[in-house]
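Protein chains in written order, with my numbering: chain A, 1 to 213; chain B, 214 to 605.
These are calculated hints, taken from the structure and not from any lab test.
Only pairs whose alpha carbons sit at most 25 Å apart, straight line, appear in this in silico SDA-like list of lysine to any residue:
(1) A:Lys154 / A:Gly136
(2) B:Lys352 / B:Gly319
(3) A:Lys56 / B:Gly525
(4) A:Lys7 / A:Glu59
(5) B:Lys426 / A:Glu125
(6) A:Lys61 / B:Leu468
(7) B:Lys556 / A:Gln124
(8) A:Lys52 / B:Lys601
(9) B:Lys426 / A:Met1
(10) A:Lys127 / B:Glu549
(11) A:Lys61 / B:Glu557
(12) B:Lys276 / B:Ala349
(13) B:Lys596 / A:Gly51
(14) A:Lys127 / B:Lys556
(15) B:Lys407 / A:Leu73
(16) A:Lys44 / B:Lys556
(17) A:Lys7 / A:Lys52
(18) B:Lys325 / B:Glu461
(19) A:Lys61 / A:Asp10
(20) A:Lys7 / A:His116
Using C-beta positions, here's what the derived DEER-type ranges look like:
(21) A:Leu156 / B:Gly525: 55 to 61 Å
(22) B:Val417 / A:Lys202: 32 to 38 Å
(23) A:Gln98 / B:Val430: 31 to 37 Å
(24) A:Glu86 / B:Lys262: 56 to 62 Å
(25) A:Gln124 / B:Val430: 24 to 30 Å
(26) A:Glu125 / B:Leu289: 49 to 55 Å
(27) A:Gln124 / B:Glu326: 49 to 55 Å
(28) A:Lys187 / B:Thr248: 51 to 57 Å
(29) B:Gly525 / A:Ser165: 55 to 61 Å
(30) A:Gly55 / B:Lys262: 52 to 58 Å
(31) B:Asp408 / A:Lys127: 30 to 36 Å
Chain B regions said to be covered by chain A (calculated; three or more residues, Cβ under 8 Å):
(32) 406 to 417
(33) 449 to 461
Every residue gets a Cβ at the ideal spot worked out from N, C-alpha and C, and that includes glycine.
Now for the letters of each chain:
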Amino acid sequence: MIVTTLKPLDEIMESISPYRKILIAGCDGCTQPPRGIREAKTLKQLLELAGKLKGKEFEFKVTSVVKQCDSVLTTSAIKPYVEDVEAVLSLACGAGPQTIAKFFPDLPAIPAQNSHFIGIDDRQEDKMFDSCSACGDCILALTGGICPVTRCSKGLLNGACGGASNGKCELDPERDCAWELIYERLKRLGRLDLLKEFTPAKDYSAKGWRVTP
Amino acid sequence: MSQTVAEPKVAVNIKEEQCSRCTICSSLCPYDAITQDHENNKMVLDIEKCQVCGICYSACPAKAIDTIYYSCGSVLKYLEKVRPQYKSDTLVIMCKGSAPDFSEVGKLFGVKEFIPLAVPCVGRIPEEVLLGVMVAGIKKINILACDEDYCRFQRGSPLAGRRVVALNRMLEQLGYGPEAITLKRNSLKVKVNKDLCIACGTCVACCPYHAPKLESVGGISFDLDACRGCGLCVALCPAFALDMDNWERERISNLIPQLLAEVKPPKILVFRCQWAYYPPLNGDMSPNVGAIELPCAGRIEAVHVLEALQSGADGVMVVACSEDDCKQEGVSAKAEHVVANIKEKLEQIGLGDKISFSPVSPRYPGQVEEKVREFRQSLEGAKKGAEKGETK
Chain A
1 MIVTTLKPLD EIMESISPYR KILIAGCDGC TQPPRGIREA KTLKQLLELA
51 GKLKGKEFEF KVTSVVKQCD SVLTTSAIKP YVEDVEAVLS LACGAGPQTI
101 AKFFPDLPAI PAQNSHFIGI DDRQEDKMFD SCSACGDCIL ALTGGICPVT
151 RCSKGLLNGA CGGASNGKCE LDPERDCAWE LIYERLKRLG RLDLLKEFTP
201 AKDYSAKGWR VTP
Chain B
214 MSQTVAEPKV AVNIKEEQCS RCTICSSLCP YDAITQDHEN NKMVLDIEKC
264 QVCGICYSAC PAKAIDTIYY SCGSVLKYLE KVRPQYKSDT LVIMCKGSAP
314 DFSEVGKLFG VKEFIPLAVP CVGRIPEEVL LGVMVAGIKK INILACDEDY
364 CRFQRGSPLA GRRVVALNRM LEQLGYGPEA ITLKRNSLKV KVNKDLCIAC
414 GTCVACCPYH APKLESVGGI SFDLDACRGC GLCVALCPAF ALDMDNWERE
464 RISNLIPQLL AEVKPPKILV FRCQWAYYPP LNGDMSPNVG AIELPCAGRI
514 EAVHVLEALQ SGADGVMVVA CSEDDCKQEG VSAKAEHVVA NIKEKLEQIG
564 LGDKISFSPV SPRYPGQVEE KVREFRQSLE GAKKGAEKGE TK
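Chain B with its partners taken away, still in its complex shape (with noise of 0.2 Å):
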């Protein structure tokens, strides 16, 4: 019998037959990861430089890529069935980087109610999809984007500037005014209590992007342009004297027993950074798994790992991008280091096996699924070890 080993499947394609060769993609493609085969002039996708952010989805002008996250059918299909749970005809579509905390992206517009999309990066949502939900019936589009030195996809956050510019021109002339969409900027980023401030210097140390700065005279300072949102510095200040936009420490404390008290045992809770799994838009993926996501996997710290185990968690997975994936500088290598030093206190005390670090990516969808079938296997042979034990 012969074995042939399956191709893994891959979360973006190019459809050969349908492709034009225009190379719209390979130019606005932020990693090179798309180049044109210059023997037959075929645009080739190499998906291990692709980092799914669908920017080149968005521009095809030939609708020859293929892309499993957020398609334009998919979309407006969600849409369409989540609308009657709204009372609102505006729509807030988000880059997840800029909107964890969906009440504060209301203020942001002024809207109280609203149906909401977040999507990792606005720049892969194309035209079609907002002309689709308006032809649908939604009176108002909101977007908010990342600043544009802030965009994790350098290019997508600019593309949806332009693409909202150009449709609204459009949309005037056809008699919707002149800002039938509206398009915001936001960037979340570190927040200093200077009272809190011991003046240890580890921000400064472990900042990939050199955003803090200490003297002597005058403490601590961040220069706020520099910084890109990683979560690290809040993750590792000993005095708690850092905090971040939407992400916050009380805020991720409180979600936390909310949702470990929605899933079933054995309890897995998820922190994962946002870059490295997309979830479906219809909700996530196992009755035993709360995930919260973090802004990158720098976020990570100590204190909320083990209050999760104190309420209740059998096991706490940190996903994050591999290091050549990572979207910030180094900083998942730093995360997981930070998880091992968490795993090595743990294991003293006999909980080493209730937390792993998966380095992943959205390229290859599944890949988290797997790993969590594979933590809660792990966490259920424990179990049941520690019966037999009991037992004897």
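One chain only, chain A, in its complex shape (with noise of 0.2 Å):
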């Protein structure tokens, strides 16, 4: 799913200020974690709370969409409030403002969110992994389901660099090596055959910028 931190609430304070009649708009999609109408209703209070302290009233409506990143979806639960409100301030990761400003070109879309990464929902560790760059040219078959592209500070698609100390990246002393882990886990499912095949260049044009399902 698509990793997401609230901004901070004085940016958001900042980017709403010229409006008054605001709809929040949740999205129940894959931004992790969910941006529902839970958080459409907490935000609408500090909000408002934030407002009083200004001496700035607004006007929220609150609701929330099941994907804000379906053209479809997005259009028929925002379309009911367009009358009655001057601006969107989306909860969805950066495809939802982009959703609203490409079908209500009259509406100004805000973006509450910073999205950070596809990423794994770790609840034991309590926290986000970075784990798809969305390259376009999966390789997970060829590296025992862990991404080079994206955890490899380096991005390497052939082995190790051998700058790694103890498992850990020479970038980031934090960060596991992933052709560590990747070699690991080969070796594991007895597939360590898999590192001789050679990986060329990856052909980023695949990536794309638009792509028909």
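Got two chains here, each in a separate frame; can you build the complex from them with the hints?
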């Protein structure tokens, strides 16, 4: 899912300040932590409290969209509010405000979140981890299900650089060496032979900017 | 001048001179807080382990255990005092844990008018109280206990059940009919609105009891036998798809402005875990404080904290058990995390000092009052500081 964090409330206040009637739109889709109706309501309350301190009055409406990255779902969810609001504050990842901007050309779409990466939500560690760079040419079948494009600091495709010590990356001692993880995993699976396969330089044009499903 | 450090006052004591060393207390204590010293046979209470359930107090045949909460004498005195307020000869004694909403309790027993007595665990009520109130003219006693495997004090509910059976047998011999005392069981659990569920899995991840199950086909379901009613999933569900029996979101929301209208500034709203603080029988602590009991601090949700601040609360306190004392598995620590999260957001808009999280235990009476006092002073200090800043 897309891992996001709420923007500093000052920044949100600043970007909504030209408007009074605002729709706060949550997203029930893949944003993690989920940014649904609860987040929308809590944000409304916080912004009302902040507005009161600054002598600024807002009129918020709250809703949540099943998936803000879906043009049909977003259009139908936002449409009933269009007449009543001056702007939409989106709790989705970066795709959300852009969907709104594309299909409601006259409605300002403001992000409430910073989007970080496509990640794993490790509930035990209570942390999210960057795990997919959406490169458009997946090689996880060759790398034991561990992505070197994302998790190796250098994005190397054919084995470790040699700079790791004690399994940690030379560029960031907190970070596991992805290639060491790949080696251990393939060893465990009895597939070290996969390491002999050469992966040519990636064709990043495959990443594309539009795709037909 | 020699300084003596006063021992902190504790809620439970064993009166050595009265103790017959029968060891019933130590055999019943769910927390192994009472042991027998093998050198001198004395019973020793480790107050740090004690969770103040009152089971030992209710069971001691020698009346050698003292408790400051809901002792026999204080309960009887309280009932005598409040009786004229009620047009009823029916007393309902209920475990707080399964009875936050008195009107729901009335429905369970089919009574409209009754004298309510909510205690933390009905297992702490000795025979002496039950017989004492009958002697005082109460015609009917109804007892509401938690389901046996739901009892937060493990042995309280089963003990209350056995006590009622034994007492009824005796009362029947005296001509009081077969069921002079009625005991019912009830447990308050999560409620799911599947229509609102967004299948995010938050409840599955946060439940310490593995009660929720989320599947691609069929969606969310809860194993209600496993649910222990801590309310954490209800407080965290991003879609408001979960609620809790008697501790409904709306019910709490309605209580907030009501309570705040009744208190004097600086208005403090306390959300407290019902096991962290035992309120005195005859009402609450300070004219500045309105209190809402929660089934566990895990039920605290940001929406309610913010509603309180929006409804004119000068500060919000969350009173919880410490991590070690939590009657739910680690939920108090998760509640602390939730509160820290709200505080961090409030700090961003300059209201961070309006919320506090206080772990306390009823084993040290006066702790909550002390925390409230400190919080009130900090609120007043902050207000004075702000006024000074304005006049500059």
